[in-house]
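The hints should help you fit chain G onto chain D, whose structure is shown.
If you want the building blocks of each chain, they are given just below.
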Amino acid sequence: MTSLATPRVGVVLFPGSNCEQDCVRSFRALGAETEMIWHGEKSLPDVDLVVLPGGFAHGDYLRTGALARFSPIMTAVEEHAAGGGLVLGICNGFQILCEAGLLPGALRKNVGLKFICAWAELRVENADTAFTRRAQPGQVLKVPINHFEGNWYVDDETRERMVANGQIVLRYTANPNGSLEDAAGITNDGGNVLGMMPHPERACEALLGSEDGAVILGSVLDTLGLSSATSGVR
Amino acid sequence: MISTLHRELGLTDGELEQIVDRLGREPTHTELAMFSVMWSEHCSYKSSRNHLKNLPTEGDRILVGPGEGAGIIEVVPGVAVAWKIESHNHPSFVEPFNGAATGIGGIVRDILSMGARPIALLDSLRFGSPDDPKTRLLIDGVVHGISSYGNSIGVPTVGGEMVFEDCYAENPLVNVACLGVIEHKQMNGRGEGDGNAAILFGSSTGRDGIGGASVLASAEFDEDSLDKRPSVQVGDPFTEKLLIEASLELIRSDLVVGFQDLGAGGISCPTCEMTSKAGTGIDVELESIHLREPGMEPFEVMISESQERMLAVVEPSRVDEVIAVCSKWGLEARVIGRITDSGNVRVLSDGEVIVDVPAAALAEEGPVYDRPYERPSWIDEVQASAPGVEAPGDLKTAFLELLGSPRIASKRWAWSQYDHMIFLGTIEGPGSDAAVIRLPGRDEAVAITTDGNGRYCYLDPYEGARLAVAEAARNVACTGARPVAVTNCLNFGNPEKPGVMWQFAEAVRGIGDACAVLGTPVTGGNVSFYNETNGRAIYPTPVIGTLGILDDASAAVPMSFTSDGDDVILLGTTGVDLGGSEFATVINDSVGGSPPTLDIDAERALIETLVELAPLVTSAHDPSDGGLAVSIAESAVAGGVGVRIDEDADLEPHVALFSETPSRAVVTCTPASTEAVVQVARKHGTPARRIGSTGGDKLIFATFEVALCDARERYETGLTKRLSATMA
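Heads up: the sequence lines are chains D and G, in that order. With this note's numbering applied, the first sequence covers 1 to 234. With this note's numbering applied, the second sequence covers 1001 to 1728.
The hints are simulated quantities; they were obtained by calculation from the structure and are not laboratory data. Any given hint might turn out to be false.
[Stated by the list, open to error] Below are the DSS-like pairs computed for lysine-lysine, each with C-alpha atoms no more than 30 Å apart in a straight line:
no., chain 1, residue 1, chain 2, residue 2
1, G, K1721, D, K114
2, D, K42, G, K1328
3, G, K1721, G, K1134
4, G, K1053, G, K1185
5, G, K1721, D, K109
6, D, K114, G, K1134
Only chain D is shown next, with the shape it has when bound in the complex (with noise of 0.2 Å):
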C-alpha cells in the first residue's frame, strides 16, 4: 500500500445485521473508502480496518453472537486481528467479538431485562488507543445506544488485568445494563481490537443530536493515516 492512501474500510454483513449502511455513510462522511464484505466470503478484500456492525447477525437465534462467530467470513477476521490489523465491533459485532474468543468476556441481558434504545455518555478513560487517539482523556462523549444484551462480563482476574492494562477504554458515566467496570467499549490485549455496544455511526452529525461519534470513528482513520504514512507498507 502506497502511503498517505486513503483508508479502507471493510464493513462485514451478515444476514440480520441492520447497521451496515449507517456504517458505511459515517465512515464516507469522515472521509474512508468503504466496501461490504458479504459473510459468507472466505477472505478480506484489500481493507485496513474491519468493521463488524450492529444488527441480529443469523437473527441472534441460540445466543447473540453465537451463529455468527462461524461465519466463513470469520476466519479471516480472526488472521486480519492476529497479523495486527484494526477491527472494530459496533453492538451486536461487540458481541460477535466475544463470541468469537477475539474479545474476553461475554455479553449478557441487560439488568432490568429491557431492551434499550437512548443517549449514553461514555468517559474516554484511555486515549492512547488506535480508536480513541482524537479524545482527550476523561473526555465525555454523547453517544447512543441500542440493545438488550449489552451487560458485559468477565472473569475477576481477567478484570483485573484489563483495568490495569488501560483496556477499559470507554466508561459509561451512568451504568444503563449492569455492565462489569460500567464498560461501554474494551479492546483486545494487543489494543487493536475494539468492542463497544453504543453507537458511534449514530452520533456523526449534530443535526442527529451529536457528533462525538466522529472521535471515535475519527480516531480510526486517523490511526490509519499515520501508520500508511509512517510504514508506507503494512
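Chain G only, in chain D's frame:
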C-alpha cells in the same frame, strides 16, 4: 356437509348462494375456504366500501391511491415514499406478543410490495386502564412484540400514540403505520404475462394463522375467543429482514415483473388479486408449495397466514437468477405456478383440479353491503349529560394530576425499548408532535404522525373524525412540514348494528370533509370492524396517519423550548371546549357533552401559518390533550427551559389552562422576530398574541407556579408509576 361448513368459515347463507350462482355449481371445499377469506370483511371491505368511495383520493403529489399495497406520494420529482397504516387488533388481544409483532411484519411487507424500503414505523396503541393487571400484561406483550420484531428487522419505530380508556380493556387497538422510500423503481402487484412463473419465497407454509382474516378479524369476541389462539400467526423477524433485503435486491436487478406480499388470506390473496388486476389467470401446483409440516389439507395450504412470504411473477428466463438471489439470502424460493390467460385461479393437486374459479370473483366480486345505519338514541343522552366543566378545587393540583395522567405522561418507558435511530434519519423522534424522518442520502424529510380521539368520536363521530384529521395535520405542520396525504385506520364495533354503522358513516364523512379542505387526500388504509367483546363496542376510533413534506430536514422545528428569553406566542383563540377533554375525564370523572367544534377554515389558516413560520420560530407545539397548560409544560420539560405565561384573563382560569380548543399552536421565537411572526399570522388571518417568555427553572402561570423539576417528575413517571403499581 358443505351446507354448514360455510358458516363455520364465516360466510352467510346468502354469500354461499352468490358463490354457487357465480360458479354455476357447488364450490369445492378448498374453493369455499378461499372465498371465505377473500370475501371476509377484513379482505373485501364489504360493509365499508360504499362509504369509503366518497373519500377524496386525488392530489398533485399522489402517485398511487387506495387499492394497492400502500399509497405512493411524490416528495420531489423523482423521489417518492410509500405510506400505509394497518390494524392488528384482534390478534394482539388473543396473543399480544405475536399479534403486535406480526402486525409490524404485515405492514412492512405492504410497503415492500410497492418496491419501497421500509424506513420508519409508528404504533398507535389503545388499551384499557393501566391499573388493570390484565391490561398490564397486554401492554407488556404488545410493547415487547413491537420491540422484538421492529428492532430486529432494523426499521426504526419513531413515534405513535399510547392511549388508555376503559372501553379498550377487552379490545385493545394495535394500529401500525409504515413509511417506505422507493429506492430503485416503483413496483406493482400485477401478475402480467401468460407463461410467466409465480415464485413463492420466504418462510414455509404452516398451520399458523388459519382463517385469521375471517374467523378472527371479522367477528366479535366472547369468552371462547382465547381458543382462537391458533388463528394468530407467529412472527420470525430474522426471515422478514432477509425478505426485505432479497426483495429489494430483486427489484434493483430488475428480475421481477410484479410482486405482492402474503398477508390476510395467505396464498389465496396474491394469486387472485395479482391476476385479477392484470386480467390474467394462474395455475398453482399445490405440491410445489414448501410446507412446514406434513399432512396439511389443501384448504389449509391455500389460506394459511404463515408470515414472511412473498409471491413474485417472473419471466421464465429470469427464474434461476431470482432463485439465486433468494438463496444467497438463505430464503427458500420455489416456482409454484404459471400465469395463464384463462382469467381463472386454478389449483392442481396431484394432477387433479381442486380449485377453478374466476380470479375476479374472489378478488373483486365479493358482496357489497349497504348496511342499515341509524343515529343511536343514547347519543342524545350522552350529549345532554354533564360535560364536567366545573372548576377544580386547586388549579396546581389539577395541573399536576393531568401532567401525570397515563394518557398525557411521557411514553418513554415504551419507546426507549424501540430502536428509533437506525438509518440516521430521525431528526425528531418519539415524543414529538410528529416524527421528522430525513430520507436516506437526501436533504428532504417527511413528517409523519398518527392521531385519533375515541372519546370525541363517541360524543360525536363526525366532529371527532374531523378533529382527528385537523390534529394530525397540525402536528405535522408544527414541524414546518406541509401536510399532503392521509392514511387511515378505522376501528369500530360490529357493522351489523345500525348504531355502529352510523358511527362509521359519520366518521368517514367527517374525514372526507376535513381532508378535502386541508388538501390531504386519503391514499389508503384499513378498516377494522367487530371490535366488540360480549356485545360491548369500543369507542369509534378512526386513527389518522398524516404525512407532510419538508424540503430541508435541518429546518425542522422542534417542540421543545430551546433557549431562555424567547417570546411565547399563542396562535389561534381559546374557547370553552372541555366536553370530552382530558380535564373533564381525569379531574371531573365525566365523559359527556359535545366535543369542540372545528372551524376547518381557521385550521387551514393555522397550518399555512405554521408552514410559513418555520424559518422564524424556535419551537412549535399544539395544545391538545390537557390544553395550553400541558402543551407549555411538555415543551418546557423537553427543552429543560422554564417559562412564564400570562394566560387569557377573559376566561375562567381552568378554561384558559385546560380547554382543548382546536386550531391553536404555541410557538416561540427570539424577541427580534416577534413582530415578523405576528405579521405572518395576520396575513393568514390567524390570531396571534404574545403570552409570555421562556427562561428560568419554573413554570409560572397567572394563577400558580411549579418547579420545572417537579413538572418533569410528574410527566416522566406518571405512566411507569401506574404500571408498576399494578404489578405490586
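Would you pick out the hints that fail for this structure and give their numbers low to high?
none
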